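Peer 1: Dock chain B against the given chain A, drawing on the hints supplied.
There are 2 protein chains.
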Amino acid sequence: MTRRKNIKPSCKPQPPQHRPYRVLESEYLAHEAWFTPRRERVELPTGAIVPAWYVFEFPDWVNVIALTKDDKFVFISQYRHGLGETRYELVAGCREDGETAEESARRELLEETGYGGGRWEQFMVTSANPSNHNNRVYTFLAVGVEKLEEQHTEAGEDIDVHLFTREEVEALLADDEIMQCLHAAPLWKYMLRNPF
Amino acid sequence: MTRRKNIKPSCKPQPPQHRPYRVLESEYLAHEAWFTPRRERVELPTGAIVPAWYVFEFPDWVNVIALTKDDKFVFISQYRHGLGETRYELVAGCREDGETAEESARRELLEETGYGGGRWEQFMVTSANPSNHNNRVYTFLAVGVEKLEEQHTEAGEDIDVHLFTREEVEALLADDEIMQCLHAAPLWKYMLRNPF
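One line per chain: the protein sequences are A and B, in this order. Residue numbering for the first sequence follows the working numbering, beginning at 6 and increasing consecutively. Residue numbering for the second sequence follows the working numbering, beginning at 6 and increasing consecutively.
For reference, chain A alone in the conformation it holds in the complex (with noise of 0.2 Å):
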């Protein structure tokens, strides 16, 4: 057997185990596009029955950390009612049907900001809560994008572009301005991956 040096053995803890809940009754409340909620009446591996728990259904969301051949990261800003707030985001959309996840990414960074182009990998994977969220929320990192037409977002969105330096996303990031936690926690995972 070839010795092999210089190979950590990795230290990642084993998966936990635990019992899935079993669902004793499942009644979706309701079908649209931002609101499909399934109730259901669940039983715990310790016996405890919950009579209600919700489940939200949401296709997979995608986002992007997109940089400019300039390394210029392409930022957007938008209302968002939940909050009822104003904040800087990534790009960031759903998952069509037919669309693997970085296709997706791609025609959001299109329409929301006209940028394309570069290079794109998969960077993360999350959850925005797996207590109550059925779908995943996949990063790309893209690299080297560039403007290659001009935004055209969906009937009424109001969406600004903007370009920001690594040093003032680390600012927004310091001040806890990135609220979303779906693109703060791959901003701080980027900035750790690739320091300056």
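Hints listed in this document are in silico derivations from the structure and should not be mistaken for laboratory results. Bear in mind the structure is a predicted one, so any value in this text is a computation, not a measurement.
If chains are identical, the list can't say which one is meant, so a pair holds when it fits in one copy or spans any two.
Under the rule of at most 30 Å between Cα atoms (straight-line distance), these lysine-lysine pairs were calculated in the DSS-like manner:
no., residue 1, residue 2
1, Lys152, Lys74
2, Lys17, Lys77
3, Lys77, Lys152
4, Lys74, Lys17
5, Lys152, Lys17
Peer 2: Relative to chain A, chain B alone:
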């Protein structure tokens, strides 16, 4: 005027400005602990009408990066029914009436793991999704916690406690095993802010 040296002017971008949506109609569809959706007919600044914008109302949430006196990270694991998977997580919970966010996080840590004490500071504020959540998520950093009592979870909760080294947490983060972005975001931030 005194000349102050070594103070770098903030490079943080000015807050973005967007007009809030105008609420034309608003209706609660339910009033349950984990299901208080509000359906609103809104007018966007562009004049476009969205007939049904859904906001999910929740109390503020809290979570905590807790480090023991011998530098172990206190994690839990539990089955998460929305995603249908079991993952490692930070201790987390809801802010109850009359509690500060720190009191809630201390209570949750004690209930779910039996750990307490130590020096606490607010570490991060995020949102699971500012588009359709109305609440904020407060992350605390607790350094020097110790086992004070036995875990006493709510009736039926099936939660295991794990103590991880920093290497183990970094290995979990590297493979996106901390799926919950409300936990991944502060953990990546912690790793960047506290290099080995």
